[in-house]
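Trainee: Going by numbering that gives the first Met the number 0, 22 is the number at position 23 of the sequence shown; the sequence numbering is gapless.
Heads up, none of these hints are tricks.
Pair ranges (Cβ atoms, derived):
| no. | residue 1 | residue 2 | range |
| --- | --- | --- | --- |
| 1 | LEU22 | ARG63 | 27 to 35 Å |
| 2 | PHE43 | LYS12 | 12 to 20 Å |
| 3 | LEU19 | ALA58 | 13 to 21 Å |
| 4 | GLY67 | ALA40 | 38 to 46 Å |
| 5 | GLY67 | GLU32 | 46 to 54 Å |
| 6 | LEU27 | SER4 | 27 to 35 Å |
| 7 | ALA34 | ARG63 | 40 to 48 Å |
Treat the hints as calculated values from the structure; they're not laboratory data.
Virtual Cβ for every residue (Gly too), placed ideally from N, Cα, C.
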Amino acid sequence: MTNRSDRWRNRRKMAWLSMLAGLLFPLLILVTESAQLGQIAPPFYVFVGMVVTAYIGGAVVDDRWQQGVK
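Work out the full structure: start from the sequences and follow the hints.
Mentor: So this is what it looks like as structure tokens:
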């Protein structure tokens, strides 16, 4: 079994990258002035929100579970 800090490393990276992409996406739309990017914005933000929410929810559930095990 891996360390406690190692278990969430990849999930944390994925959540941070998703959040960063969510912040940079509007700049990409403004710079390129692309209508197609504007059309995919709602599904993009739903996906990014789901990734970040899954990480936060999973972390809370895991913490509660770990506290219950001890």
